[in-house]
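Participant: The lines below spell out each chain.
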Amino acid sequence: MDTALNIKDITKKYKDFTLGGIDIEIPMGFSSALIGANGAGKTTLIDIICGVTANDAGTMEYFGKYTDNDRSELRNMIGYCSSANYFPMDWNLKKVAEVMDVAFDNFDRKKFSELCDKFKLGDPSGKKQKKLMKMSDGNRMRTYLAAVLARDTSLLVLDEPASSLDPLARDLLCDMFRDYLAEKDGERTVIFSTHNIADMEFVTDHAIFMAGGKVIEKGFVEDLKEKYILVHGDASVSEKAVPYLLSSTSNKTSFEGIALAEDAEKLAALDTAIEQPTLQQLSIGILRKAEQDYEEK
Amino acid sequence: MKIYQNSNEPIYKQIASQLREQILTGKLKSGDPLPSIRMLAQDLKISVITTMKAYEELSAEGLVTASKGKGYYVNAKDEKMIAEQHMCQLEEHLTNAIYSARIAGLDYNEVCETLRALWDIED
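Protein chains in written order, with our numbering: chain A, 630 to 926; chain B, 190 to 312.
Every clue listed holds true.
Taking lysine-lysine and the DSSO-like style, the derived pairs with C-alpha atoms no more than 27 Å apart in a straight line are:
# : chain 1 : residue 1 : chain 2 : residue 2
1 : A       : Lys-740   : A       : Lys-763
2 : B       : Lys-257   : A       : Lys-813
3 : A       : Lys-740   : A       : Lys-724
4 : A       : Lys-856   : B       : Lys-234
Covered by chain A, per the in silico footprint, the following chain B stretches (three or more residues, Cβ under 8 Å):
# : region
5 : 192–204
6 : 232–240
These are calculated hints, taken from the structure and not from any lab test.
Owing to the predicted nature of the structure, the values given are computational and were not obtained by experimental measurement.
In this text, a Cβ means the ideal position worked out from N, Cα and C, and glycines have one as well.
My request is simple: use the sequences and hints to build the entire structure.
Facilitator: Structure follows, in structure tokens:
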């Protein structure tokens with residue numbers, strides 16, 4: 630399997646936060662999710678990948694041949710969309726189309742119009758134009774997404790693209806990710822961050838879990854779902870089960886948690902209910918473990 | 190193709206078993222290409238890695254072959270292998286039958302009688 634992005638030992642120090650020793654290989658042709666709580670370092674990492682923020686140490690290799698010094702080539706190959714305001718607020722769809730057309734070699738105005746139509750934003754060449762500042766958060770994000778998806782890129786890097794979208798728009802976004810990947814079978818890659826993975830479950834191939842500026846787990850989703858199990862049980866066996874659980878919550882009736890699949894037999898012997906976790910359940914289990922580990926320190 | 194998104198059976202297994210049936214019944218023929226993993230993911234509204242895992246399972250069973258950069262193709266019909274696949278299924282069903290027979294307290298001869306009766310009905 631080819632690697633779209635090879636990140637080695639990337640470090641960035643801030644006064645009150647350190648993104649430390651990040652090693653990740655992003656597989657080419659797939660969609661990778663950065664999953665973590667607020668403040669885990671997802672945005673910092675995305676900004677470093679896109680060259681918006683400079684890293685203090687470490688190296689990055691893009692598509693097997695470029696480094697972070699080849700920004701002029703990478704600029705046209707990477708479609709970046711931040712969660713912060715990406716365009717000035719007094720722009721409208723028409724202005725966005727004009728500027729994107731000048732700024733990038735691969736911006737397709739026709740495709741931008743089609744995407745605006747799909748997102749029900751209006752016509753970028755129409756007479757009546759609404760300024761971004763007059764739009765809802767969701768429509769603003771739709772505008773950013775239409776602008777970035779109208780470019781013929783090899784890598785999409787999106788910071789929290791779903792968080793301000795309503796359920797139907799999230800579903801549409803997932804379709805667009807799959808369209809993007811299928812259009813150039815195996816040659817395109819998506820990286821996106823989210824703190825609510827449930828809506829993106831069926832568009833996530835590879836997951837990277839972050840907490841406290843570090844990567845705490847990573848892998849292909851189908852592999853992770855086989856590595857871990859979801860365990861439910863009656864409160865009476867909670868004490869016996871806990872040593873096998875990586876993280877758990879309990880009350881006077883029952884408990885739940887995640888464990889390694891290799892401990893399934895021992896847990897089953899305690900008359901617990903064992904299931905394959907969804908990505909959402911897995912995320913909660915892994916992030917809770919990070920939080921519990923942190924509190925113990 | 191039809192999949193349950195909230196079933197206990199993993200989605201990749203549901204895809205693999207439906208494609209397997211199409212290959213074994215000859216609906217998909219030797220040399221036929223499978224849809225690309227990303228096209229199928231797009232159509233079924235699921236992750237690419239899930240369709241890939243389904244194809245890898247069929248590939249491990251020898252039903253399809255991955256051709257580098259060109260996707261997956263249905264293998265030439267290997268009668269022996271298909272017979273083996275059916276034999277596996279037969280054994281699985283009979284094992285279930287034995288299990289049910291034990292619960293119901295039936296002995297070997299009674300099970301054989303039931304099998305004979307069912308066989309005659311099918312004929």
